[in-house]
Amino acid sequence: MISLPHGVRPISLAAAVLGLALTVFTPAADAVSVDRLRASVVKIYVTVQRYDYSQPWQATPLGSGNGSGFLIGKRRILTNAHVVSDTAFIEVQRDGDPRRFPAHVAFIGHDCDLAIVVADDPAFYEGTREIVFNDTLPRLNDELMCLGFPMGGVRLSLTRGVVSRIDNGSYVHSGVDSHLVVQTDAAINPGNSGGPVLLDGRVVGVAFQGLSSSQNIGYIIPLPVIAHFLRDVENDGLYNGYPELGVVSLDTRNPALRRLLGLPAASGGAVVTWLDPFGAAHGLLQRGDVLLRVNGREIARDSSIVMDGNTVEYTEQIERGQWGDQVVFDLSRSGGVQRIAVPLRNPKDPFSLRMRYDEAPEYVIAGGLVFTPLTRNLLSTMSGDISKRAVHNLFYVSQYAKLDGMYEGRTQFVVLANRLPHPVNTYDEYFRYGLVDTVNGRRLGALRDLPEALAHPTNGFHVITFDGMENPLVLDAALIGDADAQIKRRYEIPALTRLRKADNE
Amino acid sequence: MEIFVNSLSHLHAVRLVPLAALALLLSNTAPLRAANSGERNAVLDVLVTYQTCDERLPWRLNPPQNRAGYGLAVGPGSILTTEDLVRQATLVEVRRPGRASKFTAMVAAADPQLDAALLAVRDPALLPHLEPVELATNLERGAVTRIVQYEDSGAPQEGAGRIVELSVEALPSAPSAVLTFRVLSDLRVLNTGAPIFVGTRLAGLMMRYDAQRQSGFVLPATVLARFLQSAAAPVYRAPPYAGFNWIALVDPVLRRYLGVPETGDGIQIVQTVPTASAAGVLLPNDVVTRWDGFAVDNQGFYLDPDYGRLRLNHAISGRRHVGDTVAVELVRGGQPRTVSIALKSYNEADALIPENTAGAPADYLVEGGFVLRELTGSYLRSGERGLGNANPRLAHIYMTRATQPERPGDRVVILSSVLPDPINIGYQEFRDDVVTAVNGEPVGNLRDVARCVDRDGGIKRLTLYGVGVDLALDPALRSAANARIADTYRIPELRRIANP
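In order, the protein sequences belong to chains A and H. Using my numbering, read the first sequence as starting at 1 and increasing by one per residue. Using my numbering, read the second sequence as starting at 1 and increasing by one per residue.
To be clear, the hints were calculated from the coordinates, so they are not data collected in a lab. Any given hint could turn out to be false.
Claimed, not checked - Quick look at which bits of chain A chain H covers, simulated, 3 or more residues with Cβ under 8 Å:
1) 195 to 209
2) 252 to 258
3) 399 to 406
A quick note: this is a predicted structure, and the numbers were derived from the prediction, not measured. We put the beta carbon where it would ideally sit given N, CA and C, even for glycine.
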């Protein structure tokens, strides 16, 4: 689980700030090339409607905003995933053209915050020009140019800055992912999201997020991440996402640890301390394995390898891999050296707690109690209640479920997310945000188990127990049917359940 | 629904001085007098220098800070005040309001559970003309009170207040719940310990004042009187503690499920604390209908003969003493029965995660730069946002199992942090991890850790919960490293273990 750095925010623009401030377009010395780029950069208008995770049968109020994008060939417009997520309607507009053209999302990668949008009308592309990518990462202090439509402007904006850092960093759109990022002091403001960042007229990245608590720190998705996304969608016409190795390891810099592990004095290596049960390496690597080489590259005792002349974490080898590739480890296990190939895949991890977009949340309502799976989206609705013991428990489970073995026997954690007041549940508010453990003596492995468990009341009662709570919630089973019919009418709920089929159904 | 916890005692640092004179002050025979300045002559400024412990580096004390409040003379050289005023005091001084001369006082007794403290001035002659005040023996809703505080010049400020609520509430400075009252007054009270009088008698000491609501939260004289009685005993007698959590039992469905009528008395027991009075006597899902002769209604209130409708906690800890046995009527599995509970005091040392309300310096052990200590509530709350930014796993253990050790004496031993040194290179990012074993031997508390360290000549392997590889240290480097770490990080002693 990757924690979010304080103050990092995506930079899509809310309608409320439209027109507040203009970023002045300053003709530069390379004005000719900028004029050419005008034909490549587009403004993206979106109407946003998200799911309401506390009332999951309905959507949130409509919102609108805008971002930027640029043409990369094959009529594709590259932008950020966060610009076009949860959208009901998308339009694209070229600089200087009064017309807006409806568009749709062709590919979206929430783990890398990139998306490809395609305009529905071929007329949009008349006179456009695809933009050219650079071959390599920019270097520290290289001067960058950011193009886009920040702060609601209708004309193209240009800002400049230098590369101030290249490092791994969080991608806040998903909440859990971390990849290479380029940091710049060029002004990147809401509305710049998805716009190209150029070095000498060639794209080296996509503007995507900023640090609100600092001055002039903006972040760019660099070429390796863009290339990974584009290759992924080119491979099979689907976006599979980054493979997850699922390994936590420890440096072997400590000589006493090296002796304990039986490592030769001269060797490097990273020792495996935990394996994600949903990671690609699960079942192949073991705790205590010392990873000596990855794809033939020596892993130093600080867990680094040398790639392209740079020292990077060995996990960068996995970052560069695609679904279906494999990564080969030479490792020390039980005194011997073995070679183990790990096929890179992206197993469906129900506990990754990545933010969900464009996905209707599941729910079951019984006795006015709204049960939903634990998701990052749900947690975001209750951050103001962190002082409550039950909410604290949910935050703990969200981060430690796999580490502390709580996931076993489950594919979802089920939460009592809301209570729709009705006489049948008058005394049950205390249990709100509780993590359901059992219903009528049956342990819930997923939300879809709930209706079946409710079909078997205990001596006329529904008895629901919660993790970390000593006392159960008890409902009169005979009253639930009529109560739910009334609740459905009173709260205008179209359906009392929304469940997806299990993967194996 | 709300879980109620029988008030926890956190008696700390009780130091007793002879208090025989106090008994005289607890007489209830003194008649009410018209307001005059006599009781004002009992009020003293209490000036406190205190030092909190750095929870992360527990050998270190944070810079001294100051607090000021009021105390009331209750006997020659004996001054009553609130415990949170003198908590972690390094120096306590008293003076007459408006005067310059200060006199050192010592904390004779302090009980965080009751938020009460007794100070003793070594030479009462230093405070001439001090007129000890008498304590009111009853409390009445609606009674008119006077609140007294002093300007810097020594001029008194008085404000009228009315007692608007008598209730058993959690204290503002401790998790325990005791009898308190609320007073409405437009006098903006600035300091803790401000006295509230009914007539000429002390009705209570102000613990908190909410200027927006013009409401003061007061520790009543009746609670203070019990504290003084306990303090006068040869050994301080903490209030009794039954050791069970309960919830109101209003829900008719839940009542039927538990085998009691849909309407009627009774609360539901949800958990008992091992080693506490109720352990093994009360069971989860018992419905307690009568405690010590008092009917307990379905919201957990009883009719107190002195104060009217109060929460059950007061019947447990406010009306009885340690050693008393009370009869408890309950329904278990639909069958009524009566059980007896012999009341004991709460021993914080029995908890898996003690609260350490009093802020006592934590025990610790530094070995090879590993800072090891036992988890406490005060440690978890020491961050900027309290529990909000505590390690979620540690906070989870605290919230679900703080009073529930599997074995007596068990604590949660943690690797709080690692002091960077060549001996622990590669481990310096570890922080707030639960320690399960040292040198391969399971440890249940810091004393176990110390025993392993002493037996084996240091930490060779430290096992952390959820980390698949032990952290190894080189024993050959231990001695030099410990000396270097003590010197570099200015650690006077590499361990502090109160009861090794």
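Going through the hints against the structure:
1. 195 to 209: Not satisfied, violated; 0 residues make the cut.
2. 252 to 258: holds (count 6)
3. 399 to 406: holds (count 4)
Comparing the model with each numbered hint stated earlier shows that hint 1 is the single one that does not hold.
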